[in-house]
Amino acid sequence: MPETLPTREAGFVDPKALMAIRSLELRARVVVEGFWSGLHRSPYHGFSVEFTEYRPYSQGEDTRYLDWRLYARSDRFYIKKFEDETNLRCHLVVDLSRSMGYKSLAYSKADYARTFAATLAWFLHGQGDAVGLFSFDERVRDYLPARHRHGHLRQLMLALESEPAGRATHLAEPLRRVAELSRKRGLIVLISDLLAPVDELEQHLARLTAAGHEMVVFQVLDPNELAFQFQNAMLFHDIESERDVYIDPDAARVSYQRRLREHGEGVQAICRKLGFAFNQITTDRPMDLALLDFLRGRARRGKLVRRRSQRAST
Amino acid sequence: MNFLSPWFLLGAAAVAGPIVFHLIRRAARERVTFSSLMFLRPTPPRAVRRSKLEHIVLLLLRCICLLLLAAGFARPFFARDLLPPAQAQERRIILLVDASASMRREGLWQAAAAKAQDYLDKAAASDQIAVMAFDLQPRVLVSFADWNAWPESQRAGLARQRLATASPGWMGTHLGAALTGAAEQFRENSITRREIVLITDLQEGAKMDGLQGYSWPAGTLVKVERVEAKPQSDAGLEILEPAAVAAGMEDAIHVRVANAGDSRKEKFRLGWDGAKDSMEVYLTPGQTRTFTAPKPPAGLKSGALKLAGGDLSYGGVSYYAAPEIQRVAICCEGLGLPIDPSGMLYYLQRVFPGTPRRQIAFTPRLDPSANFAVIASNLPPDEIASWHTWLENGKTALLVLTGADSGPTLAGLLGWPDAQVTEAGGDFGLLGSIDFQHPIFAPFDDPRFSDFSQIHFWKRRRWEIPASAQARVLARFDDGSPALAQAPVKKGNLLVLASGWSPADSQLAVSSKFPPLMETMLDWSGAGAPARFQFRTGDAIPSPVLTGEPVHWQRPDGRRSTLAAGAAFTETDAPGVYKADFLGQQRLFAVNVPLEESRTAPISPDELARLGVPLKWDSEQAAASARIQQRRLQDTELENRQKLWRWLIAAALAITFVDIVLGGWLARRPAAADAKT
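These protein sequence lines are chains Y and H, in that order. If you count the first sequence from 1, position 78 lands on 260 in our numbering, and the numbers rise without skipping. If you count the second sequence from 1, position 310 lands on 319 in our numbering, and the numbers rise without skipping.
Bound conformation, chain Y alone (with noise of 0.2 Å):
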């Protein structure tokens, strides 16, 4: 297949034709393209070995940057300011289960999210920020640190390539993984297809949580996930379990319908009762327009944190 780039029709990428490029990196760079400026803030304060210059200190300031040797020598305040090496400290959690698998598109889910996730990455790491990665079906599979270095990009492209194999999706297990692994705080973000029980996933989420992550949901559907068209009755095969079953799917859809319905707002009010961002998109959703919920749910994120810091001063 020839890897022509896409055009872009009305501002947006086609997802078919962003597919049908092969390379993950390309793909990443064709949806980053255009979204430089960042509209996230780091959770940590700048601390960092590079200095760049000195500022006067200014009353109800944070005394922790004064440069003490220089009010010994000068007897002024002078805060030293650093250039942060790391903005932030973010790890991407990839669902590689075989429910993911799933396509009635020329794709399947897992291509784009894998797609999803490497644009992601290619668009923090031009921000600067260190980007991770855990890639999980029932347990967690590839990890990769959050760094910011030379190579590490293209490590994770690498490691994102790899093809749906778990036989169910569980999400506990990995969670707890991830908490374990992520010792530092910075931004989780989750992309699956949650078909799993939601259960426990409160239990999990909450943990992390408590650690002081920052976590953005991404629940990845097919569109026939949704709209469950088929014509006839026949036998579905559970990609996962393997498992046969006779279906009508007139008689079946109203329920399948509402139940995922019930499962999706399910999980979307354990997100708002712990204040994560839910997003669930589609795979005919163009990349670009999947990248902006993400950062308009940053700018949203980054309000919200700044009026509390706001309230917590006055």
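In short, the hints are calculated from the structure, not lab data. Some hints could be false.
Distance windows between CB atoms, simulated [stated by the list, open to error]:
hint: 1; chain 1: H; residue 1: R677; chain 2: Y; residue 2: E444; range: 38 to 46 Å
hint: 2; chain 1: Y; residue 1: E355; chain 2: H; residue 2: V66; range: 51 to 59 Å
hint: 3; chain 1: H; residue 1: I65; chain 2: Y; residue 2: R440; range: 35 to 43 Å
hint: 4; chain 1: Y; residue 1: N414; chain 2: H; residue 2: V66; range: 21 to 29 Å
hint: 5; chain 1: Y; residue 1: A199; chain 2: H; residue 2: R677; range: 34 to 42 Å
hint: 6; chain 1: H; residue 1: V66; chain 2: Y; residue 2: D432; range: 26 to 34 Å
Since this is a predicted model, take the numbers as computed values, not measurements. Where a beta carbon is used, it is the ideal one built from N, C-alpha and C, also for glycine.
Starting from the known structure of chain Y, fit chain H onto it as the hints suggest.
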């Protein structure tokens, strides 16, 4: 059309399967992979309406295929009757009625006669019936020839009259001989429906030998009609013939007591008839034990030993005849001294040792009362005459030719005018031919004992038997000259031996043949006594003498008969003490019912079946089931020949093939149609 396994036709119900499957609208061949079924519930299959039945042709093909399979497995065949129709066939029936002693028990014989009568009355006109009674031997009461000769209307009545003449005797039961004897009656006739109706008490004491391995005439069936006696405790006893008795035990009388298997008693008392003393014997039912009988009253010549304590309908008594001590006198003329091993008397005395039952006296000269004589010397003329007279009175002597000068003695004893005796030349002589038909050599008539060729005769005499003389040569030397000859002298006999048994003459005395040969000579002379005094009913009592005067016999019921000497007495048909008078002597013999007849517990007819007797099944039901079995066999045979199932299975396979092809075509058709559009 019939079916060998009709229950397989139930498989035809399986046609409901295809019909239901065709009614159910389920495109099960379509299959789609879906991410998760966690929000889906299985849809129950829905039936379409009758008007929506799909693929009628396929459905029909599948139904026909299943029907053919079911029919094939049911193994159909066209019925044809191969069996001959069951019709009344000509039959030959032998009513074999047990008339042994055990049938004397209360009511048994009447029951047996009634059963036989029943068969006679029910006989079809085409049936031929013979009636036989048996104990130790079967005997014909009504033969098939009699039956056929009689007018048809009188047959049953006449046969009944003949049957009434029979009654159970005192004999034992030989079931084997009776059955085989009856079966032999069928041999000469071509009618193949043969039936023996055995009417018996089937007691365990019956002898069965001769049945196993007997080849029964084709079509013979044996039907057992058992008559049952009322339960009783039978026991019997039998005095044993004294065998080799130990010293000091000569007077002991051993008695064998048997208790019937179904007896309810275990204790009996054993004692002599008329004596007060008795002893208690204990034996469990079915057991047979041997006891030492109480001492008989002193000087008892004959008597009866009785067993008391059971329902001893006919057993319970055993007659006893005291064995006589036989005194045998043997005259020995010219045999030398008893202590001289080079003489002949030395050896003769060792051949005839005294026993508790027989005392032998050797007298050196002629004794008129002697039974047997051995002469080995040349007699003076006056003595020859007295010896000749002695012989003429029915005595037997053995003359040993000692030399060429024995001629006058030989001629004188035989009453011949002259006899030439010469010494035979040559090295030695061996016995060439022996007449084993003669009583003296008869005991040796067996390949194990008949080899006399090892005995060397160093010295022998040759003599000629005149053609006119009635002499019989019993043994000849290898050169053809007589070695031992027997010549009658009026009532008596002279045995002439052409060589002696002293070591100088021959090896005869040191041969193992010598003692039995001399013993048979003594027996043949009549000097030896029959060793037995106890007999069973049906046994033949050997004559106490083999030569001489006739023997007068007296039965226990007083009837008398006279038989020639040597002829055995065979009319021992009742138990008791038989008397034989001969030569002024009287000898007693006891005859008893066989002990086996006391073992009256009935056996199962299966015992007969085990011995290969072709038993007829008892009931009509069994016969019907046999018929059904035969019909089934015939059906199997017919089905095997016709093999219709092959065609049905082949047709089912062909239809399956058509179904597959048609089904495939139908399945592809919509796809092709879609492709066109």
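Report the numbers of all earlier hints that the structure fails to satisfy, in ascending order. none
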